[in-house]
Every structure is written in structure tokens, then in C-alpha cells.
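*Asks:* Each chain is listed here by its residues.
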Amino acid sequence: MSNEKKLYGAAALFNTPDEIIHAAKSTADAGYKNFDVNTPYPLHGMDRAMKLKPTKLGFVTLFMGFSGTAFILLFMGWAMAVNYPMIIGGKPFFSLPAFIPITFEVTVLLGALSTVFGMISVFFFLPHNNHPLHDTNYMKSVSSDRYGLVIEAADENFDEVNIVDYLKSLGAAEVELVYYPEEEKFQVLQPKFIVFLVALAITISVMTYITLNVVVYKEPYNWMEYQEKASAQKPSLFFADNYGMRKPVYGTVARGYMPYPYMGQTDPKVVLVNPSLPTTENLALGQKKYLTYCSPCHGNYADGDSHLRGQFPNPPTLHSTRVREWPDGRIYHVITNGQNAMPSYAMQVTRDERWAIINYIRVLQRAKNATEADIAVIKGNSGNTKESTQNGKK
Amino acid sequence: MSLDYSRELPLVEGNPSLRDIDIIVTRPIDEKPNKRFFIAITITSTVMLIGFFFIALTFYYGIGMWGNNQPVGWGFGITNFVFWIGIGHAGTLISAILFLLRQRWRTGIARFAEAMTIFAVMTAGIFPVIHTGRPWLAGYLIPYPNQHGLWVNFISPLVWDVFAVSTYLTVSLVFWYVGLVPDFATLRDRTVSKVKKTIYSVFSLGWRFSNRHWQNYEKAYMILAGLSTPLVLSVHTIVSFDFATAVLPGWHTTIFPPYFVAGAVFSGFAMVSTVLIIIRKVHGIEHIITANHLEKMNKIILVTGSMVGYAYSMEFFIAWYSGSNIEQFVFINRAFGPYAWAYWTMVSCNVFFPQLLWFKKIRTNIKATFILVLLVNVGMWFERYVIIVTSLHRDFLPSSWGMFTPTITDFGILFGSFGLFFTLTLLFTRALPVVSLSEVKAVVDGAQPAHHHGHAEAQPVMGGVSHE
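Chains as they are written, first to last, in our numbering: chain D, 1 to 394; chain V, 1 to 468.
Any given hint could turn out to be false.
What the hints assert, rightly or not - DSSO-like mimics (lysine-lysine), calculated; alpha carbons at most 30 Å apart, straight line: (1) V:K194 / V:K299; (2) D:K140 / V:K299; (3) V:K219 / D:K56; (4) V:K194 / D:K5; (5) V:K194 / D:K192; (6) D:K33 / V:K219.
Just so you know, these hints were derived from the structure itself, not from any lab. In this text the structure is predicted, and so the values were computed from the model without any measurement.
Isolated chain D, as found in the complex (with noise of 0.2 Å):
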């Protein structure tokens, strides 16, 4: 050690445990602050040997567990309740019972994630590889069987001629004058070190693009984006017609498309049975659906007076004779199968839909043909809707 550098302090080894702790006990009886011991493992009572006062790194577990459990509370009551509260299980937004397992789990992780941190870096500054202490014979020994007392050349009792004697006296079996150099001071921004931020800035950039726009676009990380599986529009290799979609088993019905059996006959004389009553609610559907698909030809009140009149051939009223005379299952017929220059319009009502159209035919031509007694029926008793009808379909 050149004498340019600068006295750390002296440092003393001993052989046994009970000489060092007589040592620490002595030194600080002597009044010296900034001394230390070093020993391969804890020594008992070496606390109150050095006189050191109780450490306060509970308190940091404390504070920032109960940190941890206050913060995970509430997240996660605002998460569940504020946020996006969603009905679990049939539980309250804010289900305290529920929350505990990750909050004692969060608080823990707290707990003890400071306390190491706090103490590594807060209570003891390290890392500090540089310390002058490291890379000596002094630490070699301490680091491995032997026990060690340094008095640092920053305490004001320290006196760089009578420190050797004083430890010696203490029974030290070696005593050693540790210096250090300058500190070194290194400058943050080098240029390498900006180089190398910005290497690592571009790594990971082109890393993290290439992941999230190649990579997940490649097998198998796209699964569910396409399937192996049969599309109704597309050719299919699994059947042998190469067709995705496939025919349905011959004589398959599907359902309510039940074939009609007078289908293509001019005038059956045969004829289906209305299965509806002109319920209220079944007439506002056969309303709604004779205004949508009838009316364009045969007029709002089935007087034949749309916008097709004057055209060849004009849309028939359905207030004639005939067709007041007309079985429901012969307007039926002509809705299902058409008449003259009319088409069928059975893929566009379904047949319920029919039966309520025709029931609701009945009620206009009721209404257009009305007698003295369907006035008093409507006069006497007004609203009696259902009834009314089911007369005048007698």
C-alpha cells in the first residue's frame, strides 16, 4: 500500500469468539463511534457487546405490508365495484370475504419484498464492491473462520500511531493498516453506455414488433383465427364433392316448412281448416302481415284500390261474393299457391302467418259488409272485439 493512498482504518484479527466479543465490548467502552466487527456468522450477544441500538427494519415490514393490504383493498373494490362491476356468483360488487386471499397474499409480498430491498439497499447501501475493506487478507480471513474488529480513521479517538498497540492489547493475533485510493468517480453517460441504451432500446422494439405483428400471425399461435373446419361457402377438402355445405338427406323437412298437399291445383276441392282464432293478438299479426305483403295489390281495406288498378290485369277486391263465400282453406290455397297472375307467397308468410292474414281478410270483409245487428253489437257493447268477430266469421 503506497502512503498517496488514503487510511481506511486499522483492522484486527481474532482467533475466538470470546476474544472478539471482549474486544468489541472494550472499544466501545474506549469511546470509539465508527469501529466494526466482522465475523464469519452472527455472534451472540455482539449487539450489546458493540452497544448498537435495536434495528428499525420491522417498521418497514409494517408500513409497507399494511401499504400492500390497503392498496389491493381498494383496487380491487374499485376493479369489482367502480370499474366494470359484473354479478359473480351472485355476489356483491364488493365481496370482502372473497378479497382476503389476495390481499394477505399481496401483503406478504409487500412485506417482504421491502424488507429486503429496503435493507439491502437503504439500511447497509449495497451493493459496494469497492468498499476498501474488500480484496484484503483482512476480509479473506473474516469471510471464512477468524473474527475481525476495524476501527475506521474517521473516529475522532482514532490515533494512526497508538491504534496498532491499542489493538494489540486487545489480543489481536494480526493487525492491519487498511488504505484505499481516491474514489474513483465514473461518469453515467458514456458513450458506450448511450450506445449501448440505444442498442438495447432498437433490440427491443424490433423484438417486440416482430412478436406482436409476425410471430402471432404464424402456427400455432393463430389457432382459432382459422380452423380446420367446414364452411358453407367454401370448398372443402374433407368430402368428396369438395363441397363445404351439404345437401340434407332426401326427404328432409325442415321445420314449418311442412309441404302443402294441393300444391300446383287450380281449385282443389279439397281444402285445409283454419287451426286459428282470430284472437286479438293473432289479428294485429295477421294485420301486420296482410299490410306488408298484400296490400301493395289488393289495397289497404282489400278493395282491390292499390296502386296497381288500371294495370292489367287489376288486382281483384276481396269483398266479392266469391271470395266472401270462399272456405279459409280456399284463400289458403291461393296464398300458398298462387292464382292467375298472383305468385305464391308461401316462402314469405310462414303458415300461422297465413291463417292470421285470412283471419284478418274476414274482419274487413265483415267490416265493409256490415248488417243493422253488427252495428248494435258494436254500439252495445264497444271493445268486444272478439266476440264480434267470431260472429261474423258464422
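Based on the hints, put chain V in the right spot on chain D.
*Replies:* Relative to the frame of chain D, chain V by itself:
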């Protein structure tokens, strides 16, 4: 070996000097590995690669490669997860709970058991992630502000699992590292290689063995032990919630949390014993990890095994006592149904055979111990298999009954998980001191000042040494 229970056995046999302890413990790190090590690592890493191959198959083709199907949707994946998480619990129990209970004998095995905790939790963590089918989307498990405006469901037991397991891994890792810091410093000062010295310096953080640091360090160690103790109990409790909160006969029982924790400690100690019996032989550290250690661990295995046996019988009692026909059916089906073979394998490995440990001759015989702990490992794997498969395979409707048939992929991944665990363990024994130097030195005879009296104040010392 005769034991005199009126006095404690020396914790380190042969009373080596402190320097000798350094030499013995760091020998595997400093010397070139021998042939046996290379054979061992070749076998384990081959097994590990087989596992990775089957995991890759699973990633590519999906988890249709596994035997999971209706009605058994949780097959080997969750069985292995619970099994490996359970293995981890012994490490924390040894490092934290036995520390708080001032069991000085823990010092010899604590480091190793903690390492096993970390490796076991890492192995366990693979399973839920690969079970999702699309593991690259596992980030959704973490609550972060996202473009969907959604949060994870904080009241779901599966999310509790994510928090519990990740907290457990983090805290175990930190606990382990804190214990390693002084040992890294010792290694730093011992090594002659410049590269090694740089690495050790970085990890030792420039530790100086200062008593002003030791004072805080011991406090931190105790705080971590105090935090880890409820943590380790919470982890398997929360794992058991995955089952217990489901309204499924066979799972929906309040005994699950303590039953799972006892089972975890049981299986963990068995695994620690299994590995330690091999490692102490291979590395010649029989006088630090002594037969006394193994005997004490056997006692814990006996106690927890009996607790598990109690839980098995109590499940049956409650099924009968509840008066619920469905519950009764599930348990009778469990013991006498198509999976009776698995059930009775579990009961004999976990309850019957460990009762042999009542005999001191068997307890102190290392070969017998080795066979017994192997049986316990098997039995505890079957416990999770029985809980999952027998509860699921007969659904409420007899039309939905089925059997679980594992595929070769299932077995490959299970096999591979052992490969991963043992590869990591073997690498650990070559890379780091398997025994905590600073803790063992503190419990050697004559390591503490002889004239020291009145422990009340200075009790929280590693290993809780006292010389009466």
C-alpha cells in the same frame, strides 16, 4: 445408532473447524464434476428433454393430445400441479417454521430444501400454463390495464392461485437469496478464478460480514420466516380452494385446506429425504447432513402422514354423517369403484407404510427410509389423482359417466417434470453451496462465545443457538 434424548446430538458430526466446513461444502463447486455426476445429469436432462418434446407437441396440436375429456376435464395437468406445489412446501417449512421453532438441526438441510422449494414451484408453474392450451396468452392472468377495459376476476379461486403461487415463488426466491448472500461473499474470497470472482462479487453485493449488517440481517431473516410461515399455509389452502369452492361431491369439503397443507408437508419431506439421501452420499457430506437429520424428518413424515390418514377417514365419516346420497355414492365409488386400485395404492403408501416409522430401527435405517419415502412420493401423487379423477369420472347423470385414459403425452410430460426438477437440483449442487456456510458455522461446537449468558435479548439468531 442409539439416541439419548436427554441431550442434543452434535449438529455437525466430527467437529470440523470452520475452514474445514468451507472446504467440504465448496468442494463440489471448486472441483471438476466426476463421472457419476455426468451420468446422472445425462439421464435427468434426457428425461427433461423428453418432457419438453411432449410439451412442444401439446403446444402444436393442442391439449387434445392429453387424456382430458368429458367428464374428466382435469387430468394429469392439475394432478401434477398440485403434486409439485406440495413438494415445495417442505422447503419453506424447514427454512421458516423450524427456524421460528428454534430447531437448530434445520441449518444443515435448510438451503437444500429451499432450493427444492423453488425448483418444485417452477416445475409446478408449468402445468396450469400449458393446461390453458395457449400458454403465450398467460399474461391475461395478470391484472393490467388493457384495451378491453377488463380486469381479472378477483373472486375466482383460479386467480387466487395465480397470486398465491407467484407470491410464494417470489418470497421463496428472495428468502433463499438473502441466505445465500454471505455464502457468495465467502466464495468470492475463496476463489482464485477471476471470472468466478466477478460473478460471486455481483451476487454477494459486496457483503462485508459486518456485525452492523448481521444485526439487521438476522432481523430480516426472522421477518421473512414470520411472513413465509402463514404464506406457505396459505398457498396449499388456496390450491385446495380450487377444489373446495366447486360444488362437486368429493371436492366440496371444508376439511380440504388443512388436509392439503398436511399432505403437502408430508410429500415435501418425503421428496427432500429422497434427494438428500442421494446427495449426501454423492457429495460426501454425511457428517453435515446426518442420520439424525433424516430421523427427525422421518418423525415429521410420520406425524403428517397420520394427519393425512385422519383426513381420509374423516372424509368418509362426513360423507356418511351428511346423509347426502350423492356424497356417499362418491366416496363409496372412490374406495370400491373402478378406481379402487388407485385409492388403495394411495392409502397404503400414505397411511399404512409410514406407520412403520414408529419403530426406531426402521426410522434410523437409511435404506428403509429411502424405500418408505419413495412410496410416499408415489402415494401423494396418487392422492391428487384420486381426488381429481374419482370425483369427476362419474357425473351426476349416469349417461355422463366415463373413465379417464391418460395418453403417452400425459406420461411424457409427467416424466419430464421429474427430469426438469432433478436437472435443476443437480445443477444447483454444482453451482452453489448446498449447505448454508454461515448458518452451519454458527452451530458448530465452540462457535459461540462461551461466557455469554442471558439469551432473552439476543435470541433471534440464525439457528437459535444456545449453550446451556
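*Asks:* All hints, please: hold or fail.
*Replies:* Right, here's what the structure says about each hint:
no.: 1; hint: V:K194 / V:K299; result: violated, 45 Å
no.: 2; hint: D:K140 / V:K299; result: violated, 40 Å
no.: 3; hint: V:K219 / D:K56; result: holds, 9 Å
no.: 4; hint: V:K194 / D:K5; result: holds, 25 Å
no.: 5; hint: V:K194 / D:K192; result: holds, 23 Å
no.: 6; hint: D:K33 / V:K219; result: holds, 22 Å
The structure does not agree with the numbered hints 1 and 2 stated previously, though it agrees with the rest.
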